[in-house]
Structure formats: C-alpha cells, structure tokens
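Using the sequences plus the hints, can you model the full thing?
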Amino acid sequence: MSTEPNPEPNPAMAPDGDPEVYYLNMGPQHPSMHGVLRLVLKMRGEEILEAEPVIGYAHRAHEKMAENRNYLMFLPNTSRVDYLSGMIYNIAYCQAIEKIMDIEVPERAEYIRIIACELNRISSHLLWFGTFLLDLGGITPFLYCFDDREEILDILDSVTGSRLTYSYGRFGGVTMDVDSAFVARTRAFLARMRDERLPKYRRLVGDNVIFRERCEGVGVITRDVAFRYGVTGPCLRSTGVAYDVRRAEPYSIYDRFEFKIPTRVEGDTMARFDLRIEEMEESCKIVEQAVDGLPEGPIMPAKPKKRYRPPAGEYYFAVESARGHFGTYIISDGTDVPVKLKLRTPSFSNLSSMPDVLRNTMVADTIAIVGSIDVVMPEIDR
Amino acid sequence: MRYVRRVLGGLISLFVGLSITLRELFKKPVTLQYPHEKPSLSPAYRSAIKLIRFDETNSHDCVACLACQKICPSFCIDIEGGKVEGIKKKRATKFTMDFALCSLCGLCIDVCPTVTLEYSKLYDEAGYNRDWNMDLLEEFTDYEEQFITEQREREEKAAAEKKAKAAAAKAKAGKNEKAGKNEKAGKNEKAGKNEKADKVGGQAEEGEA
Amino acid sequence: MSNLPTAPETLADYVSGNLWLFFAIATAAIMGYLTLNALFLIWLERKISAHIQRRLGPMEVGWHGVLQTVADMLKLLSKQLVTPRAIDKPLYHLAPVVVFAPVIASVAMFPFAEDLVILDIELSLAYVFVFGGIGIIGIFMAGWGSNNKYALLGAMRSVAQNISYEIPLILSALSVVLLVSGLEPVIINDNDQLRPASGISLIDIAIVQDAKGWWFVLVQPVAALIYFIAAVAETNRAPFDIPEAESELVAGFHTEYSGMRFAMFFFAEYTNMIIVSMVATVLFFGGWSGPLLPGPVWFFGKTYLLIGGMMWFRWTFPRLRFDQLMSFCWTVLIPLSIVNLLVTALVLELL
Amino acid sequence: MASDSKKNRTGDKVHLPQLTTASVQPSLVKAGSGHDGTSPDGIPIEARPYVTFGVLEDLLNAARANSLWPLTFGLACCAIEMMAAGAAKYDLDRFGAGVFRPSARQADVMIFAGTISRKMAPVIKQLWDQMPSPKWAIAMGGCTIDGGPFKYPNQYAIVEGADHIVPVDVYIPGCPPRPEALIAGILKLKDKIKAGRRFKG
Amino acid sequence: MSKPRAEAEHDSDEHETEKMSRILGSSVAELAESSEHADYAKYGYHHVYLANIESIPEITRHFFDAGYLLEMVTCQDRRDDAGTMRLVYTFNHLAHLDRHLVHADVAADAEAPSITSLYQAADWFEREVYDMYGVRFSGHPNLKRILLPEDADFYALRKDFGRIEDAPQES
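Protein chains in written order, with my numbering: chain A, 1 to 382; chain B, 1 to 209; chain C, 1 to 351; chain D, 1 to 201; chain E, 1 to 171.
By construction, these hints were calculated from the structure, which means they are not laboratory data. Any given hint might turn out to be false.
Said to hold, decoys possible - With a cut-off of at most 30 Å between alpha-carbon atoms, the simulated DSBU-like pairs for lysine-lysine come out as follows:
#1 Lys50/B to Lys306/A
#2 Lys70/B to Lys121/B
#3 Lys88/B to Lys306/A
#4 Lys305/A to Lys50/B
#5 Lys260/A to Lys42/E
#6 Lys159/E to Lys306/A
#7 Lys192/D to Lys121/B
Shown next as structure tokens:
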C-alpha cells in the first residue's frame, strides 16, 4: 500500500500540474486484483484519468524452463501457466507436439479430451463468475459457483487425480480412461447445470437491478480497441466479432460438434457476463455431444514413443482457452529440447488494453472492468 | 412512467434475489466437516509417489534404473542402488522423494519399467518444518535381508529350472515324448510372470474404476 | 468509558436523589448489553451468511461456534496496536472513541416496555438522530487521520453517503411524527395527568400504537420501506457498504486500524444496527406492543427480526457504485419521502 | 511412539518425516510428558521456577488459535485452493479462520498460496511488517516450501521458499495441496499456538 | 491432424479469402527479402517471410490496412548461429484463417523500429522482448522492464543466461 508518486517515465502517467490529481496504487496485494496485478491509477477524486497495469509479480520463468528441459518434462508446467483452465493448456501443448510429430491420437482419447477441456472451461467461467461477483460486493453467488465448481473438480478428479493442475494429457492420448460412472456423473452435472443452476444465476445475478446498473455501459471495449490490442476470447466476442479458435481454425475434433459462438455487440461488462453464461451453456452442449458419441477403444497409441524429437523448424499451434486465443510457438532444432517455446497467452493482450478502457471511469468501475475481462496473473506473467 | 417502471422492476428483481437466498437458507449445508468426516478420495487420486509392495515377493521391485529420476521435471527423486551381493537382480538402496518439489505429473509412473511406482493417498499433510524429503524404502528396509534370501532362492530355482529346461531341450533331440512336459513347465513359469504383470495392471485398473 | 456524553439536565428532574448510582448502573448495563449484543450479532451474522451460502459457519468453538466471537474479541484485545508513522495522531487515536461513544448514549432512550426506559426525554427521537450523526465525524477523523488514500476515499464516501441518507431517514421518521401529532390529540395518562402525546418522543410513539392497537407500518408502508433502506445505508452495510468496500478500498476508513481500535469500529457497526432497528421497531412496529408475551420480548423480537432482514439483504445483493448510491438517494428516496410526507399531512388535514 | 520406532529402525534417516497422514490430534510433544525428570504437571523440574503458565495466557492462546484471520492474499495456483477451502464444501469459517481480512493491519496469519517471485518478495516483506503481532505464516504448497516444481538449478525468477522472507510456522506440501490439507495445516497451527511456550516442533 | 475447415459463421467466402491473401502476400513479399509458403497442416501458419528490420513498419502497415490482427511479437536468440537476434511477428486475420510469420534479424545491440503506433498490442510485446532479450525499440513510448523487476541486470531468455550447467553447485 505504498503511496509514493509514480516514479516511472510513462508520459501518460506524468503529473500535469493539477493539484487535485493524485496517484493510487492498487495491488499487488489487493482483494480484487486477482492475485498479484498492480494498477497504478492517476486520479482526480474518484475518477481515473490514466491507469497503468504493472505486471510481473507472478513471473515464474516458464519459457526459460522449457528451454532447459525436454518436451515431455514441460508437461506439468503447462497446466500451471493458467491454472483455471489448466486442462485446456495441458491438452493444447500435447496437441501441438502431436501435430508437429504426426502422432495419431486414438478416437476415444480425442473425445475424452474434449469432455475434459469443456468441463474445464465451464469451471473456469464459474470461477470467473464467482470472483467477479465478489469484486462487485456480492459474496453469496461466489459460494454457489464454488459448489458447482466442486462438482466439476470431483468429476475431473475421478480421472485425472488432481483438482486444479492436471497433468492429464500425454503425447498421443491421456493418462487414464473414463468409466461409466464418470459418464453418468457428467450427464447428471450437465442436467443440473442447465436446468437448475444457470437459470438460477440469471435470476439471482443477471436480472438483479443493482448488478445491471453496475455493469451496463461500463467498461466498453470497442471493436477497434479490441483489434488494435489483440484482445481475444469472450472480451472480443462481446464486441460482435465471432472469433473463436475452435471454429476459425478447428483443432482436435471440434468440427464434429454442433455449437454456437455466442456474440454480443455492446462490448460492455454486462455483455461479457451474458456471453460467458451463454458459453457455459454451449460448453454443456459440446460435452453432451461428446459423451453421447464417446467411442470405445484405446486411450493411448499402441506404442508411445520414448523420446520426442520434433523435426527442425518452427511451429505455431493455437487453441481457444477460456480466456481467448492461446498460441504455442515452438522452435525446434531436431533435438528433444526446444530452442524456444513461446506461449502466446490471451490475458496478456486482454490486459494490455486496460489503459484505454479504464480511462475516465470510477474506482468502483475499475474493479468491475478488471474483473470482467477475467485475468489470470501467472498466465500473463508466465 | 418509465421512471416508475424502472423503480418497480428493480424492486421486483431484488425480491426475486431475496427469495432465492431465503430458500437456500433452509437447505441442508453442503459442508463436509473435514477433520470429523473424511473425504472419499477418487481412486485416481494423485499424491506423492510410493513403491508398490508385490504379494509374491512381499517387497518392491525397484531396480534402480534411474528412469524416473531422469524424467522427473522437478528433480525431486533421488535413487541410489545397484548390484546386491548374492542376487542377480539390482536393488535400490536409497529412494527418496521430495514431496515439496513434486508436481504430481506422473511421468515417473509412466516410465517405470518394473511398474513398481504408484500414487499414495496422502491428502492432508502438514508439518512444522520444510523438510518433506520422504524415504520411500523405509517400510521395506526391515524386510530387505529376508527378501534377498528369498530372492536368492527364487533365482536359484529359476536358474535350476532354466538348466532343467536347457537339459530337456538337449534331451529333446533324444526323447521327444518328454519334451511336452518341460515345455508345459516353462509355460507355467511364464504364466506366473504374466499374472504378476496383470496384477499390477489390475491395481491400476482398480484405480480407474 | 469516561467520555460518555453527559446526561441532559432534565434527567435531574426525572431521577430524584441517587443520580450517580443510577447513572453508573445504567451505563454498566448498557455497556454489558451492547457488548453481548455485538458478540451475538456477529455470531448470528456469520451463521446466517453461512447457511444462506449452504455452509455451516463457526462450529468448533463452543456449541455451534457460539463462543467464536468471544475468541475473536479476546484475540483482538491482545493484538498489537500498530500505529503508523505518518498519521495525524490526535485524530487517529480519537476516531474509534468518537465512533463508539455516541451509539452507547442512544440506547439509553429506548422504551423496552411501557415502564422500562432508562432516560425518558421528551425529544428522545431527535436525540437518537443527533447521536447517530456524530459517528460520521469519527469515521471522517479515522479516514483523514490514517494518512492512507484508501482510508481517505472511504471516509469521504462515508460522509457523503451518511449525510445524504440522513435526509430520507429523517423525512420518513417525520411522517410518523406527523401522524402522532396530527391524529386526534391522544391524551396519555401519565402520573394521573393528561398531556398531549409528543410525536418526537419515542415512548409516546410506542404508547400511541399500543393504545390504538395497530402499528404505523400499516398506514405508513412507504415510509417504513424508505426508513429501512436509509437505515441500512446509515449503518454502512451491504449493499451500501461503499465506505469500507472490501473489494475496492481494501478496508476503507479502518484500513490502518488494528487490534482493539479496529474492534471498536466493528463494534460500532453492530451497535448502530441495533439502534436503527430499535428506532424502526418503535416508529413502525409498535415498540413493545403485542399480545400475550411481555413487552421487552416483543420489543427485542421485532428488533432482531429487522436485524435479520438487514443481514439477509447483505448476503444477497452486490454493492452499488458510489454515484449510483447518491443518485438513488437524491432521485428516488428523497422525492419519495417528501411526497409521502406531503400525502400524510394532506390526509391528516382532510380527516 | 512412531518417531521413536523410526529412529530404531533406520538409524541415520531420522531427519526424514514419516509418511503418515497428518491427524487432527496434536503431534507436538508436551514438555516433559512421558520423560524422566519431570513433574506430574508436565513442566520439567529444572524449568519450574521460571516457567509458569498463567491461565490468562492459556486463555489468550486458545482465543488466538481459534480466531486466525488470514490475509486476503493469493499468489498463484494455490490461491484457488485456498478460495475453495473458504467455500461451502470445506468452509474454513468453521474454525474461525474464514474471516479473510483485506488489510494486513487486521490479519493474524499470512497464508502463502502460490509461487513467490523475486519481484513479489519485497512486497511480501512489507505486508508481513504491516501485520500486528502476534502473527503467523503458513506456507501452502511446494513453491512456498522450497520452490516446488519451479525450482531448478539457476532459476532466476522465484524465491525458493517463503522462509527466506518471513518465519514460517506450518508447511503444507502438495501441488496444490487439497483444501483438506490447508485445514490440517491450520489445525496444526492451532496446536502450535495453543501450546504456546510449551511448543516443541 | 489436418481437418477440413468447418464452415465459419462469418460471411467471407473461400475464394475471396484466397485472393486477398495472395494480394497481401505478394505486396509483403516485395518488401521482404525472402518469402515462402508453408504447409499449414504441419506448421500452423501459411506464409513465412524474412524481412529487413527497416522494412518492418511498412510491412506491418500492409497487414494493418488489410485488417490483420497482430497475434504476437517475440524473439529468438540466434547469436550463436548467426550473431543476431531474430524478431518474429505473427499476423492472422480474424474472419478468415491466414497466418503470416515475419522474421527480421537485428543485431543484439541495435535498435529495432517499434510498431506501437499501429498496433498498441505491440506495446507490451515489445516491452517483453526488451525485457527478455534486450532488444530495444526506437519510437516505443514507454520502453522499460515489464515482467522482471526494474533493477534486473540480465535478459532472461538470452541463451547465455540461466543455463542449468552454469548453476553454482549447491552444497
């Protein structure tokens, strides 16, 4: 809670002689900075003139670690980059290596991956929903979301053995097969989610007049801002651009499933809220189709390779994480240690648009806006 | 008029919210009272690794090949071992694992050639010091001497059988009718091995169920 | 607490003889009651919030955690009092006392039953509102004295909010005052003497309702609603808890307070809750009046039910934004309460 | 007891903690209990003139142990499990530890939940200094014990263990530990606080 | 792993896309030193260019005008092989999949032109490249450390830094 004036040479943040202008430092320890984000705010009264996010407080050198170990040994890191959609990242990394090395993935494993990833997406959105409400001062919905989330975690725990940082994917498949109990539980969860919980959230939160007042028209990300800052994911779709990597550049077997890409045109916090609720419904749909179509068969290739040496070259592989376009850029020199592994994480770009979006808002809006774009700090800091 | 409608609509939405929370108030809490009630862990549950005790040998089967130590992304496994006096089989003499470093990825379990690693079910560990280096061989040390004696016997037996088999094969040229019997014995031995492998697989499968 | 506001002079007329003894006993009783009340309310709030959220809440300390808040209090008592370096010392140290003391004084004026009142002052309703207004000065002192921007922001919000919401609060109370005074002059038998009921005296308001047999909430539902909303805002509780808005301003005006000083703010919040609820009980729900059970039971039953409602509010709604909070007060509550007051006056005139 | 038999069996490996599931019962040894040269009330005879445990101190310790307000403070992955521990299924509030205080001035225990980066370390130090005594720290997860999965030779970004910055009372291994483990850790801390000066780690 | 592209919901048609990509590709190729098509199914991008660092702003302008999104800017330490740092820019179109990789070599101590005036996204990306590789960008409004502490005295992702084999032996 240092109250030092901003010492940094960012011209936008420089004092402009107005005696009423002051600086407020939010974070890195602040209840709504989602971990360790730090915002330096230049303010007049409660109005924010300029905002500058300061990041790096959760920098864990993932990319350096990748250069220091072989491809297999980077697996546990992937689910810790973005621990809320750890499954998606973990599987995405496996898929990238599989694509580079032409490893055939058994059908059943592909279906299981889709189920796991989409459940993970739902749980990530649920956690976002809960913490967002917490930021807005509504504590109870947070606990309801965690109830649902616990159910997903239990389902995933029953096959992955972990609650959060899954190392479920392997190059060529997954570590453990699902059984009928898993399928039954998943179905029960989907039914509960769609028939009971999501409508309840809509009534308790989405329709609430205080919530709507707090969200409507707040933190508008225009299509232009989204484009210039490379904003992706729900934040981009809330501006009316139907860009979802699952459709735009289909990976895995997403092209076999029916699902909509929800969009909104308002670009405000409310649009992002609506959109994520609708995305949960769409994810439920995908999981249901995948569970229905789950084929029998192996979950790993008959003879998994012992060493993984991708041919020399550079590769880019993108997936849609719960937060947007997640790209893995790999440069290989033919050995089993990557020359470079760059993780293009969506929150990084999404957060970088904040100085534009936060300008001329109120302190309370800052919390709502930063909460609504759904940042995960270790994913930004890597 | 619009003003009135907004205020009334807002009020109604507030009452809807109140009615939802009121209903929840009288529902049964979902809390699991942890120290008094224990959670049911999923069979797949991952915690620190441990060595499997096999029924036939009543001991682990770590041959100190160091595959897990090499693959471990967190460098948390430390194994020493090698040739043991009296038996052919290599044995691990030291197998420690630092739970605090482990990322529970399971790569070590994947690579283990003798399938002697599995996840333990520790879930509520906490302690007053930072040393979480666990000695996985601890529960086996008391039994190690006995194991070596028994293993020697087993190996001698196997060697004897092999010898017998070789002798039989030699004799096969002379006496064809005896060959069938020996072959059967050989098969039996093999079947035993398979059984063991099955057992390991079975344990893993049990975990999945 | 040595810095209790001195009793008004009329007290001497009321109590003959052993003034100081009476004063000491009354103060001790109030203090004891308020402490127990705050401990109970905090426990109750934690239990209610837990069950709304389908949790259990405190369970391990005493039966269903009843002693939890006692443990909390003991801990806070024994906690180090951190004094930041660059503070405004007098303001910083005085603030908890200024927040804490007036709420004690207010309790003395409530009629828990027809013959159970510590201080029977004619202007008791006005006194309660006046004492309620002092706390805000303490909050501002805390925010200013802490030399912390979050605390200052919280304090400024708090001042703006409390001053704004006091208007609908008093206007809605005025409707009742008008009602009491404007009704056919009810004569109350007091020491065998007849006197007109005073609308500004808490005990008279309760007596009128008791005598009439119906509660003012029936004829003044709008005023009751406005009072309740404004009261929640006055006590700085969710959804109007913006002065301490946890997710925005860390802990608002008490960010820099630790240990017992923080406990006093905490204590004051819950005591404020009981005072506004008691006022509501007297104004709109007939005070002690009710069948069968003795007066105090009815009085406290109604009070705690209202507090339960405030807790229910808190655990259901998200927080308003500061400007919305203000505009809600000025564009909805104040016009509505003025209209209500005018209509009341008009109807009384026509009757 | 368990630790004794361990000593007998493996001799040189005494420093290794035993692979047991932490129980709710205090695993601390009361001074003098079960040993020679002690008085019946558990205080070593030689310490008796100097060590007397007042009722008030015991009472305060019990109050402190049952009212551990953590600082709202998450660093990485483990923070999510910390939130889960506070949520309905595990409910830290049962032990009086569910009152997450956003201001360090009002917190009693700092739960390190996640990797500590070098950029964050000075901030943590400052927060710790802002907390009023008596205060405690819990290291949750491998990263805060000794760097966890992110520790490798020549790692430049992280602090290898929270105890490089503040004195840590309880260590909870796991990556991330389950919410039960966090509760077990808080119970261990309770035992430690209740034992007060009698505590033997 | 190559799967037929699912019908996207937006209204661009395949033919139009190809034409647009070809026009853009040729104009960029003119500016670049070399250009290649890549097999998307294997590499995950369609075109790769090697450009002179001076022409990066102009190439970026082409992509910007054609409505391409700047997906990432990163760098590769090639001082051991070629004595330079290699900047990597990826562009992609949101409505139709068409990913371009632009490489530009720059000496480790030279300055690269910043493209923040077009894409604000590059602001943080370039700061990250500076932070991790030490490549400075001319014309960047606020070039300073982003992930590492302000007072860090190293560039973390350079190949000669932080190697396991260089680690001081722990006792």
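Tested hints:
The hinted pair formed by Lys50/B and Lys306/A meets the criterion: a straight-line CA distance of about 23 Å does not exceed 30 Å. Restraint check for Lys70/B and Lys121/B: the C-alpha separation of about 24 Å stays at or below 30 Å, so the hint holds. Between Lys88/B and Lys306/A the alpha-carbon distance is near 27 Å, which keeps this suggested pair within the 30 Å criterion. Restraint check: the Cα-Cα separation between Lys305/A and Lys50/B comes to about 25 Å, which is no more than 30 Å; the hinted pair holds.
This hinted pair checks out: Lys260/A and Lys42/E have alpha carbons roughly 28 Å apart, not beyond 30 Å. Among the hinted pairs, Lys159/E with Lys306/A is consistent with the structure: their alpha-carbon atoms are about 27 Å apart, no more than 30 Å. Distance hint between Lys192/D and Lys121/B is fulfilled; the C-alpha atoms sit about 26 Å from each other, no more than 30 Å.
When held up to the earlier numbered hints, the structure conflicts with none and fits them all.
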